[in-house]
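Make a model of the complete structure from these sequences and hints.
2 protein chains.
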Amino acid sequence: MPAPEALVLLIGSELTEGRLRDQNGFFLSQELTELGFFVREVRLLPDEPSLLRAAFSEALATPARLLISSGGLGHTSDDLTADLWAEALGDVLQVSPALLAALEERFRQVGRTPLPYLERYARVPQRGEALPNPVGLSPGLWWERGLRVIVALPGPPAELRALWQEAVAPRLRDRFGARAPFTATLRTTGLPESRVSALLAEWEKRLPSAFRLAYNPSWEGVSLHLHAPAEIDPGLFEQQVQELRRLLAPYLYGEGAVSLAEAILHLCRQQGYTLATAESCTGGHLAASLVDVPGASEVFLGGVVSYANSAKETLLGVSAWTLADKGAVSEEVALQMAEGVRQRLGASVGVATTGIAGPTGGSPDKPVGTVWIAQVGPGAHRSAHRFIFPGDRQTIIQRATAAALSLLWRGLRQTLPQTSEA
Amino acid sequence: MPAPEALVLLIGSELTEGRLRDQNGFFLSQELTELGFFVREVRLLPDEPSLLRAAFSEALATPARLLISSGGLGHTSDDLTADLWAEALGDVLQVSPALLAALEERFRQVGRTPLPYLERYARVPQRGEALPNPVGLSPGLWWERGLRVIVALPGPPAELRALWQEAVAPRLRDRFGARAPFTATLRTTGLPESRVSALLAEWEKRLPSAFRLAYNPSWEGVSLHLHAPAEIDPGLFEQQVQELRRLLAPYLYGEGAVSLAEAILHLCRQQGYTLATAESCTGGHLAASLVDVPGASEVFLGGVVSYANSAKETLLGVSAWTLADKGAVSEEVALQMAEGVRQRLGASVGVATTGIAGPTGGSPDKPVGTVWIAQVGPGAHRSAHRFIFPGDRQTIIQRATAAALSLLWRGLRQTLPQTSEA
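Each protein sequence line maps, in turn, to chains A and B.
First residue of the first sequence? That's 8 in my numbering, and the numbers climb one at a time after it.
First residue of the second sequence? That's 8 in my numbering, and the numbers climb one at a time after it.
Honestly, the hints are just simulated from the structure, not real lab data.
Among the hints, erroneous ones may be present.
Said to hold, decoys possible - Stretch by stretch, here's where chain A covers chain B in the computed footprint (C-beta under 8 Å, at least three residues):
id	stretch
1	24-32
2	206-214
3	302-316
4	332-344
Note that the structure is a prediction, hence the values are computed from the model and not measured.
Beta carbons: idealized from backbone N, C-alpha and C, even for Gly.
Here it is as C-alpha cells:
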C-alpha cells in the first residue's frame, strides 16, 4: 500500500507578502512525514476569497486523503477559512452555546470582560467537529468525507502545535494507522557532495529499486537520507543502512536530528575534553553554535571575540610583532589566537578563526573570503587551514563557522582510538 | 492598473518532507511585494515528475505574469526543474560550449579537476536565456512568452539571492515597470504590541480606508507596515507616514530594511562610541548580531563569551567573592562583566548578559529564563535589568539577545541631544 497523501494549505496575506515567516509548513511537513503521509504539496495563499475557493476545490479534487489548513480562523474580516471550508464541503457553521459559555468563562478567569467577537470562535460545523484549543480561542475544525479527512487549524504556531499534539496527531494515527516508511539520515562532514557521490556510486547501483537516496548538502557537510516503503523487510533496510555507515565511516558525525555542534560536544564529553574559542571574522557565531546545544556548559568554557587587533593582543596575548609582520589574517595569528584562548581558559582544545568577511578589507593576496582556522590541542595537536570562501558577508561568516566546526570534529575524531566508530 | 500577479514554486522533497526549512519563499515574497507584484501563491512541491508537470501546467494556466521557481537545478537524478520547464514551454536545453569552458575554468582556478557533471550546468534553453550565477554552478534560466516571464533559480539561498540581486530583480523592474504600491516600514523597540496599538488607536481611526496598517511583532520590537495603493496622492501617503513617525518617535529605531544592530552601530558611529560585549547565556549571539552588519569593525571592538565562572574571573575580572555571594546570574555580576569588558578593551560602552537558558540550572528564586542585562557607559551611564523569559532554550537565548540590543539602543539614544530624531 503506498503512503496516504496529504496536502497542506497555509493561509494568510502576511505570508505571501513576506511580512511574516511561515513556521507551520515546516512543522507539519515533518510531522506528517513521520506519521507516514506523503506530502504532495504545501501551498501558501493570501486572504483572497476567489483564490482560496479555487485552492480548496482543487485540493478536494486531488487523491489526497488528508487536507490540512492553517490560519484564517480569527475574528477579523479577512479570516475566511472556516466559512470557505464549510461552503466547499456543503456544511454550515452554527454557534455552540456550550462552547461560547466556555470561552466566556476563560475570559472571566483572567479578569477580562467577554467580548462579542467570542461568538466567532464558538461556531462549530453541523456535519463536522470542533477540536478544543488548549492555548488559544479558535478551535480546530475536523470533517470526515468518505476516505478523506479535512482539518482546519489556527495560524499562531503555539496554538497549531498544541492542537496537533493533543487532538489531531492521535486521531490521524487511529484513523489512518499508516505504517511509517523506513527512513534514516546519516550526516557527514569534510567531503564535498561530488566526492560523497563518487564514494557511494557502486553501492547506489546495487540499491534495490524501492529505496531512494537523497543528498542534502549544507555548509556543515552532506547529509544522506535513505528512504524505503513500509512494506519492505526491516532486515533489508537495516542491512543497507549498515553498508552506508561502513562506506561513510570516516566522515560520519551522526544520525538523525543531530547537529555538528552536538557531535563535537559529545566527542568532548566522551574523552573529558573542554573547549574554548577565539573568533575574529566569525564574530561569536562559533561560540553561539556550541552554546545553542543544551548542556554545552559541561564542555564549552568560553571564548573571545577579538574583532579589533587590540583585542587580539589584550585578551589573547597575540604578539603585536606577528600582527604587524604577518597581518591579522594569517596562519601565525590564527595559531596564536587558538593557543592564547586555550591557555587563558585552561581548556583542552582552542579553536580560532581570523579572516576577511567583506565587503571591504580585501587585497590581491588576501581577497575577501580569505579565512584561517586553527586548532590547538588536545595534547600536541596543532593545525591551521586556509580557505577562500565565495559569497557575500553573511555567507562567508556562515561558511567559516561551519568549516571551523568541521575541522574541530575531525581533529577530535583523530584523537579517538582507531577501533571506535561514530 | 492592478498589480501584476506572481506565482512562486519551491521545489524539493527535502522541503515537503520537513528535512530542510525553506528560506527562499519568504525572501521571494518580500522582494516580489516590494517590486509591486501580487503574490497569488507560493507552492512547495516534492521532486516527483508527475506532480511537478501538473504544477507547471497549472501555473501556466493562471493569469500570473511571472512564474518563478527555486530548486531542482543540480546535477543529480532528482533535479528535474530545467527539463520540466523546457518541456512545458516547448523548448530544448543544449550544452553551451562557452558556458562549459567558463565553469571548467572556475574549477581549475581553485585547483580542482573539472568533472563530467559540469555539462549539466552548462545547458541553456534554445528559446530562452541562461543568467550567470556569481556564487555557484547552476545558472538561472529565463524565458519570455508573450506577456509572461518564467524564471528558474537554484535552491541554495545564497545562490538564489545573488542571482536575484544581480540579474532577476533589475530585469523584472525593466520589464514590468510596475508602479509599486506605497509602503513604509517603521521599526520600534521597547514597547509591547498592545501598547503600540493603544498609542496608535486614535490615528488608526482617522486613517483613510485605502490605507492598511499591519503589525509585525518580533523579539526585537514591533514593526509597523503601512501600505496604500499606487493610485493615491503621494503627498497623502507621506503625510500619514510623518504622523506615524511623530507618534512613535521615542521608540523608532529605523525605517525599511534596517536591523536593530544596524541602528545601534549607526548611533555609535554618529557619536564616536565603541562597543564591547560580555556574554554568558547568550553565548556569542549578541556579538554575532553586531558583527553580521557590514562595517561593524569601526565600532565593535570585540567581546568575551564567559560561559564558565572561571572565564568570568580570568577574562573579565569578575570578583570570585561576588560570584560566590550573589551567584553568576545577578545584577552585580552583570555589571562587573560589562565594566570588565569595557575596561579591558578600552570601549566607550560595555554590555553584558548573564542568565539561565535551561533546560537545567533553574531554582525557585532564579527559574530557567532569568536573565540579567547590564550596560556600562557611555560616560557615567550604568544600568541593569532583570527579565524572566518564557520558552525553551533557543527562545530564551534569542529573547535575551534581542533584549540586550533593545536596552543598548535605548541607552545610547538617551545620550543624544534632546532635539535629535531617529
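Evaluated hints:
| no. | hint | result |
| --- | --- | --- |
| 1 | 24-32 | holds (count 7) |
| 2 | 206-214 | violated (count 0) |
| 3 | 302-316 | holds (count 12) |
| 4 | 332-344 | violated (count 0) |
Comparing the model with each numbered hint stated earlier shows that hints 2, 4 do not hold.
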